[in-house]
Structure formats: C-alpha cells, structure tokens
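Chains as they are written, first to last, in the working numbering: chain V, 32 to 802; chain D, 971 to 1022.
Incorrect hints may appear among the rest.
20 angstroms max Cα-Cα, derived DMTMM-like pairs, lysine to aspartate or glutamate [stated by the list, open to error]: (1) Lys987(D) <-> Asp793(V); (2) Lys672(V) <-> Glu99(V); (3) Lys987(D) <-> Asp765(V).
None of these hints come from the bench; they were simulated from the model. All of these numbers come straight from a predicted model, not from anything done at the bench.
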Amino acid sequence: MKGIAVECPEMIHKRNGVPVAFDAKKIRDAIRKANEAARVEAIAPYQFEKLVNAVVEAIPEGKTPNVEQVQDLVEEKLIENGFARTAKAYILYRAEHTKVRKTEADLVDIYRELTFTSAADADIKRENANIDADTSMGTMLKYGSEGANYFVDNYILPKDIAAAHINGDIHIHDKDFYMLTETCCQIDLIRLFKDGFSTGHGYIRQPRSIASYASLACIAIQANQNEMHGGQSVPNFDYAMAEGVACTFRKEYYDAVQRYFWLEYDCENVLGDEFRQALKNAMPERITMENIDDYEEHFVQWFTECKEMWLQKLPEEEDIRRCHRTSIRIAMKETDMATYQAMESLIHNLNTMNSRAGAQVPFSSINYGTCTSKEARMAVRNLLKVTDIGLGNGETAIFPVQIFKVKDGINYNPGDPNYDLFRLAIKVSAKRLFPNFSFIDAPFNLQYYKEGDYNTEISYMGCRTRVMGNHYNPKQEVTCGRGNLSFTSVNLPRLGIGAHKDIALFYKELDKRLELCCRQLLHRFEIQKKKTVKNYPFLMGQGIWMGSEELGIHDQVGEVLKNGTLSVGFIGLAETLVALTGKHHGESEESRKLGYEIISHMRDYLDRKSEETGLNFTLLATPAEGLSGRFVRMDRKRFGKIPGVTDREYYTNSFHVPVYYPINAFEKIRIEAPYHAMTNAGHISYVELDGDTAKNPEAFEAVIRCMKENGIGYGSVNHPVDRDPVCGYTGVIDEVCPRCGRKEGEAVSIERLNELRRKYPDVPVYMDANH
Amino acid sequence: MAGKVLPENGQVGENVKFDRIRRITGYLVGTTDRFNNAKRAEERERVKHSLS
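Isolated chain V (complex conformation):
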C-alpha cells in the first residue's frame, strides 16, 4: 500500500474471530477521526504515516493480530508520540463503540436468555449463588437488574467510566443499584428496640422477652435489607439478646414466686398484678442473673415485713428464702429453654424469610462473643447449640453468617470468662463452617477498642466488609449505624500484564485507575447524597444510620451518608505478581515484598484521597463472585492464555494465595496477614482443612490462634460439609455415603434406614403411602 514502508500482517481477526485482510488505511482513518474530534491538536500528514507505521511495526511478526490488540497499539503510539488529546478522543471513540456493540447486543437478547434458559445452562443466572434465578421472582429481579444496568451504562455514567467498566478495567459493583441506595449497614439492635420502632407498615413496641427480641432482630434485618443492596449485620448480637434474656428471666422469676406462694399457702391473692407490682416497687433493683444473692436479702426483708398483707398462713424466713431460691432455679431453666427456642426460630427465620421480591433471604450476619453477662452467655451458648444441631432435617444453616469476636482477656485463654464459648464456637465451626472468627486484638482493630463499649469492638459484615475509622467525623470512630456506600474494583492483573514487567509503568497506570475509581465513586455519591429520608423509611426513618435521627422526612441524606465508606477493591493480586515477576506471593519472597508494596501503595492513595475530601475512602479485599470469571475471560481474549495469569477460569480472590497452590496453613496465614492491616474496608483469609483435621479441636484452634497471633482481622476455616438427605448423614462424603452406603442417585431400602435409625436418631422418617 502507498505510504506504508513497513511490512503489514496479511490478516486481522475481527471481533467475532473471523480473519479478514489487514488494511492499514483503517488505522489511518481512525486516527484522523480522533484527531478531528480533538480539534486543537493538528497532526501533520507525514506524522500520520509515522504513526500508522509505528502501529504496524509493533505488531509481532508473523502473528495475526485481533482488532482489540491493534486498537491498544494505536492508543499506545498516540501517547508515546505526544498526541495526548487525540489519544483521549480515540479512547472515548473506542469506548463508545464498545458500549454500543455491547448494549445493542443486548437487552433483548439478555431478556431472552433469562426467560428461555434454565439457570443450569445460563451463567448469567448464577451470578449470585444465593439467588434462585429459576423462580419467577428471581427472574423478575434479573429483568429489573439488567434493565437498570442498561440504563446506567448508557444514560448515567460518564463515557470513560462506562467504557472502563464495560471493557473490564474496573468493575462497578451493584451497578444496577447505582441510582438507588447504599451497600450495607451495621444495625444497633439495642438502640433500635429502645422505645420501639416502626417498619413503615406499623408500630412495634419495645420487645419484652427473648422470643420477641429474636424475632424482631429478624424483622429489622429484613426491613433494612429491602432498602439496601448489600448485606445486613448486627454488631452486638450478644449484648442485644442479653436484654431479651433478662426480660424473660425477670418474668419467669416473678411468675415462679407468685406460684410458689399460691401453691404452698393456698392463697390466690398473690397471683394478681397487685402483688407483682408491690414486689417490683419494693426492691431497690430489678432481679437479674447477676444480683440473685443481694436480691434474696431484700426480698426476705421486704416480705417478712409485709407478708400479713398477702397471706393468711405466714411463712418463716427459711421458707421465704426457699421461695426465692426455687423461683431462681425455675426461672433459669425456663429462660434457658425459651432462649433455645428463640435462637432456633431466629436461625429458621433467617433461612426462610424472603426479601427482594421473594428471590432470596436477607444476607444477614451476626457478631458476638465478647459480652460476659450471664444473660449474653446463655444466648450465645444456645445459638451455638442450635447451629450445631442444624435446621429441621439437620441441614447446615446458610444464614446468618456468624462471627465470633475473639479478644484477649475475654474469651481467648483458659480462665477468660468466655473461653468456654470460644471452645464451643470452634467445635461448631468444625462441623458447620460457622462461626467465622474476627480478631479485636489485631492492631488496626485494637486501636479503636474501648473496654465494655460494643460500639468500639470491630464487627464484620459476613462477606468481609468493616467500618471503623472516620475521616469525616473522627469523634465517631465506631461501628454501629455505619456501612459501605458503594465499592468498585480494579482489574489488577490487567495492569500487571500491560506493564510488561516495568514496575514503574505499573504504578503509573495503577494511579490512573485509582483516580478513575475515586472519580466514579464520587459520581455515584453525588446521586446517593440527593436521596431523602423518605427513600429509606426504615434505615433513615428509624434512625438506624448514624445521624439520621436528626433528619426530617424530606431532608437529604448526603451529610449523614458521609459517615459511610467509599471503597476501592481489587482482585487477582496473585496473577498480577505472576505477570510482573513470574511468581506469585506464595512462591517467592521477592513477589511477597512487591505484593505488600502494591497494596500499601493503593491504601496510601486512598488515605490521601480521604484527607483531600474529608470522606472515607477505604481499600477493600474484594469478595469477587461474578467478577472472578468476568475479568479473566476478557483478559484472556485480549492477551491470550498466559500461564499462571489468564490460564484459569477465575482470578484469585483479593490478596489470597491461589487456592490451587499447595502451602502449609500457617505459612498461608503469615503471608496474608499483613494485607489485613492494609485493607481497611474489609478482608478475610481462609484455610482449607480436610474433614478429619477439622474435626480435631486442637488442630482447629491452632489455626485460629495462628490467625490471631499474626494480626489477621477476620478469618475462617473451610472444610467439606456434605450431607446425604436420604439417611441424614452430615460429614464428608466422597463417592459413597459412609452411613447408608449409597452412591449419589442410588436408592437404599427402607429396612436398611429403619435399622440405621436405631443407631442414629436423625435418620429421616418416611411415611408409607400404602398404609
């Protein structure tokens, strides 16, 4: 071709993969168009030729490039040659076209796929494993979500941001909710329940029993879930339930005292409210599990003085004492049973009650383990007992995510008041995968901790999110009433690949990406700010979100939202390191060092952004579900299969050592722990144990202790939990069920099951339809 001095490839792959003849004129035309769009930056004719030649030369010899690769080269050469404005116009032009291609494809096709394909065949219906997209409400939710995405991509997002999302440079999480709400919130139940609350559909009085406390906890989680797109967490579950246990205990105690006198002295007079009120009024403080002995003295003194008023036959002092002690015993036992039932119904409710048009249950989490009152301990003990037993047929409960807060001096060592609960938590987690463990003593958590103040104890949202520090309002460095506003993740491996082992270039590009993410988060925040209290009748209307109690129904929420966090996340540190150095951080000390540098660089960037804006920009170890496949699919298309980088179906979760890499558990913990200190928006580390090791409480505890000693913030142990619904066995099942001996899909005889039931009472009962 005229003017082209270098050798062109013969062919080029179109986007659909079809090879066509390579035509350098198209490159020239594209550059000219971009240059015209840039207006102020004239490119001389000879410079056009030079640019086109540079692009063509850069194509590896003998290779057939694809369109995307050539376009990348055009961008690169424009920038190299100092045509920044033209490059920008070119990038925008390219993004526009990507967008149009994507969205035209699209909404209708997507609706078709949603409608006519089952979830088993359609990946799009399995983006979130806890939503059943085969149900009508699940599909309805997807229609809404895909429609919203289309709208946001095409009409809301600034063009370069839309392009960056669509082409996989970044990922805007929960983009379908862009115009609507925030991610998550830590709900202070104690504050909410005090004096009662309204769900928007009716007013609810302050609860007065553990049963009501537990059921209203579920209601609160559900109501909030319907106003936010992320999870809902209770930071102070044990402290809150303790109040409910205390209510039930008081009631049971008064009941028992009244019945005792009634039965022993045959006098109905004491059964009435009048007696009860007189007793309550006479005592200097209410009965609790803690003041039993003091109470006894006051009780004896009072009743000795006034017994004639109530009884005809008069008790001796010894019998008044016996009344008190018997009543305490009865009240303890009754309260324990009521608490068990309340915890059981809480777990059942949270696994069955619907939110979001009925397509899923709320993403609920509860944090506990530090409250040492007898009442709180009773609640936690029963919760763990119920969790251990499982749901109706012994199934492992999926919700709530349970998080045991580990703290030195409270539950970590023998002799600590809640050590027994820590041990119980380990036993239950070894069977049921929950609870997870969070560590208040990790320095970045401990710095906020004030003994006895649950608001300063770190709490996690089940998946990993945390809030604590507060740039906006340093007086409120607490957890309750706050949460994440939105988060966006960087495709870190793409930057790693694109840097071609040039670390300086990597950082330069990373900073640009971070700038883009922050700009996008602020763009979204501007939309969020303009919402008013009436958009959130529960979250803001009931004063759950920090500061919202001061707002009127028509007030904007922008100011109080500033207590929340704007988070930038990342996935695939492991693949990034392989791209940059050839090895990931599990394999090499050098990569480990670089990994820490990269992530702390990101954290520093966000800290500076917080200083600059007075907002809470934080760094998140992204919990990628849909994203883990999306980024790598696009990068494989763009760069091909790069060993250790794009050759698997997923990018590795956040800063994790790759799941496929064999490594000692303690070593993995030591490598990952420093990242917990850097990722102030949230993090989690996992250790995978085989079934037998997990069953060994000493081994399990050794892993948890190693996490704590190394400064992990939040961690958990994964192990296989299988169940055979036919015989009710829970444990590890390889090919054959160890209890009934069947293989998957095979039948066993009812005789065999009946025989097994004599030994294992949890074998399900089958009804004989013939009788």
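Given the structure of chain V, go ahead and fit chain D onto it with the hints provided.
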C-alpha cells in the same frame, strides 16, 4: 407434612443427590449447582492446607 413419602417399592433415594455445602465469597451455599462457572472451577481446584 412431616416425613417423606415412601415409594411403593420400599426403596428410598433414587436420583437424590448429596448436598455439598461450600463457602464462596464469605457466604455458604447449599448446593454447588448455583455456583457460576468461574466459582465452580475455583472450588474444584482448591487444595487442602497441611498443618505440619
């Protein structure tokens, strides 16, 4: 209704799969059927960590 109905032939469990509870992105999922393709691959490739 409590209990499950016994088929006429007295055999229980034909075509019934095992439940396999796994954790992805911090949440438990009762069946790997609803995992997306990437997460299925990730779960498949997980290796156990030794303690020694």
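Going down the list of hints, with the structure as the test:
1. Lys987(D) <-> Asp793(V): Holds, at roughly 18 angstroms.
2. Lys672(V) <-> Glu99(V): Roughly 15 angstroms separates the two Cα atoms, so the pair holds.
3. Lys987(D) <-> Asp765(V): holds, 12 angstroms
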